[in-house]
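Student: Residue numbers (numbering that gives the first Met the number 0), protein chains in the order written: chain A, 0 to 227; chain B, 0 to 357.
Since the hints were derived computationally from the structure, they do not count as laboratory data.
None of the values given here were measured: they were computed from a predicted structure.
You can trust all of the hints, since none of them are fake.
Per the computed footprint, the stretches of chain A lying under chain B, defined by three or more beta-carbons under 8 Å from a beta-carbon of chain B, are: (1) 77-86; (2) 114-123; (3) 177-191.
The beta carbon of each residue, even a glycine, is placed where N, CA and C say it ideally should be.
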Amino acid sequence: MQDVRFFEGLKACINCGTCTAICPAAEFYNYDPRVIATTVQSQDDEKILELMSSDTIWYCGECMSCKTRCPRGNAPGLLIIALRSLSQDMGLFTKSEKGRQQLAVKRTIGDQILSTGYCVHPGSVDPDMHPEQGPVWEWELKNIDPLMKKLGANFNGDGPGALRKISQDDLDELKKIFEITGGQERYDKIEAFSKEKSIEMGMEFGTDTKSEYFKHVYTANNQKHNHR
Amino acid sequence: MKLEGKRLIWQEYQKEIADDHYFYARSCIRQTFFPGAEAVFIKILKDELGKDIHDNKHHTSCTGIGYHSDVVPFDTTMTVIARQFALMTEAGYENYAASCITSFGLYTEVLETWNHFPETEAKIREYLFKATGREFNKPKNLAHASDIIYKFRHQIAAKGKFKLVDKDTGKPLKVVEHIGCHYSKMFPHKGIGGAEYPYVLSGMIEAWGGEVIDYPERRHCCGFGFRQYVVQANRGFSLSCSKKKFDSMEPYEPDMIITNCPGCPMFLDRWQYALSEMEGKTYGKNNHGIPVFTYEEVAGLIMGYDPWEIGLQVHQVSAEPVLDKIGIPYDPAQKFKGKNGKNLGMPESPSNLKFYAD
Numbered sequence: 000m001q002d003v004r005f006f007e008g009l010k011a012c013i014n015c016g017t018c019t020a021i022c023p024a025a026e027f028y029n030y031d032p033r034v035i036a037t038t039v040q041s042q043d044d045e046k047i048l049e050l051m052s053s054d055t056i057w058y059c060g061e062c063m064s065c066k067t068r069c070p071r072g073n074a075p076g077l078l079i080i081a082l083r084s085l086s087q088d089m090g091l092f093t094k095s096e097k098g099r100q101q102l103a104v105k106r107t108i109g110d111q112i113l114s115t116g117y118c119v120h121p122g123s124v125d126p127d128m129h130p131e132q133g134p135v136w137e138w139e140l141k142n143i144d145p146l147m148k149k150l151g152a153n154f155n156g157d158g159p160g161a162l163r164k165i166s167q168d169d170l171d172e173l174k175k176i177f178e179i180t181g182g183q184e185r186y187d188k189i190e191a192f193s194k195e196k197s198i199e200m201g202m203e204f205g206t207d208t209k210s211e212y213f214k215h216v217y218t219a220n221n222q223k224h225n226h227r
Numbered sequence: 000m001k002l003e004g005k006r007l008i009w010q011e012y013q014k015e016i017a018d019d020h021y022f023y024a025r026s027c028i029r030q031t032f033f034p035g036a037e038a039v040f041i042k043i044l045k046d047e048l049g050k051d052i053h054d055n056k057h058h059t060s061c062t063g064i065g066y067h068s069d070v071v072p073f074d075t076t077m078t079v080i081a082r083q084f085a086l087m088t089e090a091g092y093e094n095y096a097a098s099c100i101t102s103f104g105l106y107t108e109v110l111e112t113w114n115h116f117p118e119t120e121a122k123i124r125e126y127l128f129k130a131t132g133r134e135f136n137k138p139k140n141l142a143h144a145s146d147i148i149y150k151f152r153h154q155i156a157a158k159g160k161f162k163l164v165d166k167d168t169g170k171p172l173k174v175v176e177h178i179g180c181h182y183s184k185m186f187p188h189k190g191i192g193g194a195e196y197p198y199v200l201s202g203m204i205e206a207w208g209g210e211v212i213d214y215p216e217r218r219h220c221c222g223f224g225f226r227q228y229v230v231q232a233n234r235g236f237s238l239s240c241s242k243k244k245f246d247s248m249e250p251y252e253p254d255m256i257i258t259n260c261p262g263c264p265m266f267l268d269r270w271q272y273a274l275s276e277m278e279g280k281t282y283g284k285n286n287h288g289i290p291v292f293t294y295e296e297v298a299g300l301i302m303g304y305d306p307w308e309i310g311l312q313v314h315q316v317s318a319e320p321v322l323d324k325i326g327i328p329y330d331p332a333q334k335f336k337g338k339n340g341k342n343l344g345m346p347e348s349p350s351n352l353k354f355y356a357d
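With the rest of the complex left out, here is chain A (with noise of 0.2 Å):
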């Protein structure tokens, strides 16, 4: 309990609930940060595990809302993240249905930060994947060489711009980073507790965003999400 987001995100919660009735996750799952502050400051290791080890921590949109209203000053979002760092250390992401969604999020955002230094990319967001993206979407994808020209992008290119290809360099230095903070560390963690549990599943694991094991974290619902 180092992590800086406690210190920040947690003084004396007086459980008014201000939190919970501001939430957008809490009218849409089954899902009350009041409780999350609750049970972070009983320091009840067993609580806090069982927490850790469940869909509820990853409920959150980390909109913070909550940072704004709460008459403390507090922030449940920010003991939402510190909690799933620790879950993702600990591999307890796995024992849930939304904590296992963590290797899509690898595989996807993660993954595409060192091959190409965006978080989002054109090329990332796949019509098959998003459908929501509708039919203007896919025209401008088959269009994109033409399109971005047209709107002043550098698409790929060299130097300066929106969509420029960034540089081996300048990869480089990001790969290094994350190898000397641990954001590589935390990367081969997901990947290798998902593999557990892909074993345990009878799953195919596989390496990207085809195979059995991510298709099925990346769809799956099993509906007792929400409020009924």
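Following the hints, complete the assembly by docking chain B onto the known chain A.
Tutor: Coordinates of chain B only, in the frame set by chain A:
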């Protein structure tokens, strides 16, 4: 609350915004979905206002979406951000201008964290030097790019060719402003107007002749929620948040939505399409939806730039109702054409959300 009361509240939350010489950090999402908006921002600053803005080729993602979907640890994010500050320092700049709201929120959070925990800053400086040999100064001024457009809103209005006014009735357009959560919900004093009554977009709308709509779910999140959109199984969360906002703003009959976060305009645009396909429900008049814009795009329209040069054709919801209401000229035949009129075909027409020409 009466409008006067809100004005008093936002006046308590003012921030210093540098006047010139900006180091510009681009946004992953804005570049992907609205590259024209970033081009407009640079064009207005350089060509219209005569400002110096540095577009750096070496900066990368700040890792923000990775951080807030919890695959990237805080130390890693802080060190990547330190590298961006090093690039700013090496280029001879002190004023950092972020295009992304997630980045802006994270830069603010990191600087605050270093302020409260100097030992963390020292550790990150060591990490950065070890990984890259780079050193950095912290920015003297940190602004979101919308803060800068806000600062120059009156100059833009004075130089502009159009106003957010109905050309036939002379009445102001009714505008919904949507502020990205991480602009000021975490650190209210770092945003113009604070978190409850942010004024950054309202100030632009008023300066450009429009009328701001105050509706119940004005401050509700668009629903990105990071992992709640990135993972397909969770997207019901994202969609539901946007729907809640649309249902709440609908009775006020907004002409348009303006946003300052790169992700929000994409979600508010695309979810209108998804809702129209899933439930047959469309918002706005004549099944055309409510057009959604970035603040740079709106500034570009005020300046009289061609709508298809600034990228309004890549929106799923057609922008034409707003263009026609203001009286902004455009050539419908050029909407889906490339440079020099090259034929690029047409997107498929959605089932319910109509293209304007339909």
